[in-house]
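**Student:** Model the full structure from these sequences, guided by the hints.
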Amino acid sequence: MRTDSQVTLNRAVFTQTAFESRALTVLTTLLHRFTEPGRYRVHVQHPAMPVRDLTVNVSKDAKKTQENIDLSGTGDRGHDCCCGADEDIELAVNGVLGLYPSTGVGGYRVTVSSVPAEGTEAPASGRDERTLLDTEKGVPAGDYFAVVLTRPGTYLLTARDARAEVKVELPRRERLRTDQPTLVVLGAEGFQPGSVSQLAGRALVVQCDVDALLRVELVEPEGGGEREDRRKHTYRRPRRPGPEHA
Amino acid sequence: MSHLTVAVSEAAVRKSVEVLVEAVKWEKQDSKDFGRFSAGYHVKGHLEGGAVDLRADNTIEIKELDIKWDKLQVTLGLDIPEICVGGGCINLPWPLPDICLPRVCVFSGDPDISISPDFAAFVAQEISFIGSVEARYFDMTVPPPPGFDPCGFLNSVLSGTGVLPDPPTTNQWQIFVDPETVDIDLFDFADIVGDLIEDALTAAVTAIIPGGWVRDLVLAIIGGIADLIRFILDIPDEIDEWLSDLFNVSFGLLDFLVQIVLELFGNCVPIYAIDDPFEVLPAKVSNDVLLSGAPVTLVPVKVPIADLSVMVDDTELVVRADVGA
Numbered sequence: 001m002r003t004d005s006q007v008t009l010n011r012a013v014f015t016q017t018a019f020e021s022r023a024l025t026v027l028t029t030l031l032h033r034f035t036e037p038g039r040y041r042v043h044v045q046h047p048a049m050p051v052r053d054l055t056v057n058v059s060k061d062a063k064k065t066q067e068n069i070d071l072s073g074t075g076d077r078g079h080d081c082c083c084g085a086d087e088d089i090e091l092a093v094n095g096v097l098g099l100y101p102s103t104g105v106g107g108y109r110v111t112v113s114s115v116p117a118e119g120t121e122a123p124a125s126g127r128d129e130r131t132l133l134d135t136e137k138g139v140p141a142g143d144y145f146a147v148v149l150t151r152p153g154t155y156l157l158t159a160r161d162a163r164a165e166v167k168v169e170l171p172r173r174e175r176l177r178t179d180q181p182t183l184v185v186l187g188a189e190g191f192q193p194g195s196v197s198q199l200a201g202r203a204l205v206v207q208c209d210v211d212a213l214l215r216v217e218l219v220e221p222e223g224g225g226e227r228e229d230r231r232k233h234t235y236r237r238p239r240r241p242g243p244e245h246a
Numbered sequence: 247m248s249h250l251t252v253a254v255s256e257a258a259v260r261k262s263v264e265v266l267v268e269a270v271k272w273e274k275q276d277s278k279d280f281g282r283f284s285a286g287y288h289v290k291g292h293l294e295g296g297a298v299d300l301r302a303d304n305t306i307e308i309k310e311l312d313i314k315w316d317k318l319q320v321t322l323g324l325d326i327p328e329i330c331v332g333g334g335c336i337n338l339p340w341p342l343p344d345i346c347l348p349r350v351c352v353f354s355g356d357p358d359i360s361i362s363p364d365f366a367a368f369v370a371q372e373i374s375f376i377g378s379v380e381a382r383y384f385d386m387t388v389p390p391p392p393g394f395d396p397c398g399f400l401n402s403v404l405s406g407t408g409v410l411p412d413p414p415t416t417n418q419w420q421i422f423v424d425p426e427t428v429d430i431d432l433f434d435f436a437d438i439v440g441d442l443i444e445d446a447l448t449a450a451v452t453a454i455i456p457g458g459w460v461r462d463l464v465l466a467i468i469g470g471i472a473d474l475i476r477f478i479l480d481i482p483d484e485i486d487e488w489l490s491d492l493f494n495v496s497f498g499l500l501d502f503l504v505q506i507v508l509e510l511f512g513n514c515v516p517i518y519a520i521d522d523p524f525e526v527l528p529a530k531v532s533n534d535v536l537l538s539g540a541p542v543t544l545v546p547v548k549v550p551i552a553d554l555s556v557m558v559d560d561t562e563l564v565v566r567a568d569v570g571a
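Those protein sequence lines, which keep their order, are chains S and P.
Under the numbering used here, residues 1 to 246 are what the first sequence spells out, in order.
Under the numbering used here, residues 247 to 571 are what the second sequence spells out, in order.
It is possible that some hints are incorrect.
[Claimed, not checked] Pair by pair, the computed Cβ-Cβ distance ranges are:
1. S:Pro241 x P:Gly457: 33 to 43 Å
2. P:Gly498 x S:Thr8: 35 to 45 Å
3. P:Thr452 x S:Arg163: 36 to 46 Å
4. S:Leu170 x P:Ala453: 18 to 28 Å
[To be verified] Not close to chain S: a few residues of chain P, all C-beta gaps over 10 Å, as computed:
5. Ala257
6. Phe384
7. Val439
8. Ile467
9. Asp521
[What the hints assert, rightly or not] Facing chain P, a subset of chain S residues (Cβ under 8 Å, in silico):
10. Thr8
11. Ala23
12. Val26
13. Thr29
14. Asn57
15. Ser102
16. Val148
17. Thr150
18. Pro171
19. Thr178
By construction, these hints were calculated from the structure, which means they are not laboratory data.
Glycine included, each C-beta is placed from N, C-alpha and C at the ideal position.
**Tutor:** This is the structure:
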């Protein structure tokens, strides 16, 4: 019997156990809400990839309320998108831009800045005042940071001085639906709720009511961090000829 | 009253059919794309055994010919659907629109797996047919139209040598057993074949999924490999029944086998052939013609055969013909 298979495993989905909002990695998503009409520049940096710029036009006339961008693609937008890579992104006021890498290693830094309308001068107060989001500095209030937790175990979610415990389990028998995210709100008083239990493969979404740098880390894998099954070959040295016994 | 009558016993007819049957070997392969999966086959087979029964209604029954499969290889290729994590939406209070999360997939590209088991040892079939006995005249002066090859199908599928005769070089009376009804056993795979396929597919799918908790997670998402396989192959019940339908209907191998019998016996290979004119005495060199004893080449003696007819009763096959134009 002959069998063939051709497959490439997206290994980062299973190897990533620590996630930070300052550097977007596989399984993380930053969702930025545009509350004001205008023109915005999204600047994407990665240690090993060319710089990439996207333009977002936010207007009251636009219909689209969300656009997800795969940062690891060569200009491709997310699965839900239908538009060409080089076109501007049109969003309605209060629309959300989701930024996530689907593959690869390393973290992405993303900044979102407002672009002065044509014919107007840039604000005299300088570049920083036009920057609405810089992942390296934190997630601004009103935005969301999501992490898909695949490995069963106990995670620690931290931001500012707040912390929350997240338990991740595999389903016992039933089929797993991964499209049921869990929402946690980060306010001045900390995380609400303070502990969460969810199934593996689902997203943990943190709604930031205050500016924060977030971190999610696996602190205790289920099963004590056993190594994955690996095929082993055991070599046994041939028995040396010993003295013959009568 | 015919000038010539030849009776052939049932045993002699049986021997003639045996010689023909033993030379029949075929080979065929093809594949089909069914969307979520592909299926192909590569088969080789031959005929064995069988019994011949002359019947009083001017027909011959050739029954219980064993279809022996030397190779019955099926190739199943599965296009594993996307296996992804994440996704879903968070409902937010009005007037804020809901936010929806992207999915991240476990495999880059479409993972495909395929297996190619050979089930020749697991299939036993018989084919029988009843054919009317017909005498046909092959006229050298009326060749078939250009491009028409009545035995083209057999030429493309029959392997080995000798089963298809060369075209006659003279006019010829040919006696065919033209099948009227053909009975063939359906492909009917046993439970064990279904188990073998399921085991092989399960092993192939398992091989592309890492072990440990990763496998547990992936299996939880796809709902188990057995369910996944049944979903992809669109199998409502048992795999062995599904495989039988694949061979019987989708691959059309039953029609293929029936067509071999129809073409072979009905069109391409007569069980008997009689040249017209029929050679009574062959050409030879004789020293007895001239008084000197010098050698003389004698031309062959041939008699024209006309109005040849054939009929069968339950004991013998009888050929009658007139001699002379």
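**Student:** Need the list of violated hint numbers for this structure, in ascending order.
**Tutor:** Going through the list in order, the structure violates hints 8, 11, 14 and respects the others.
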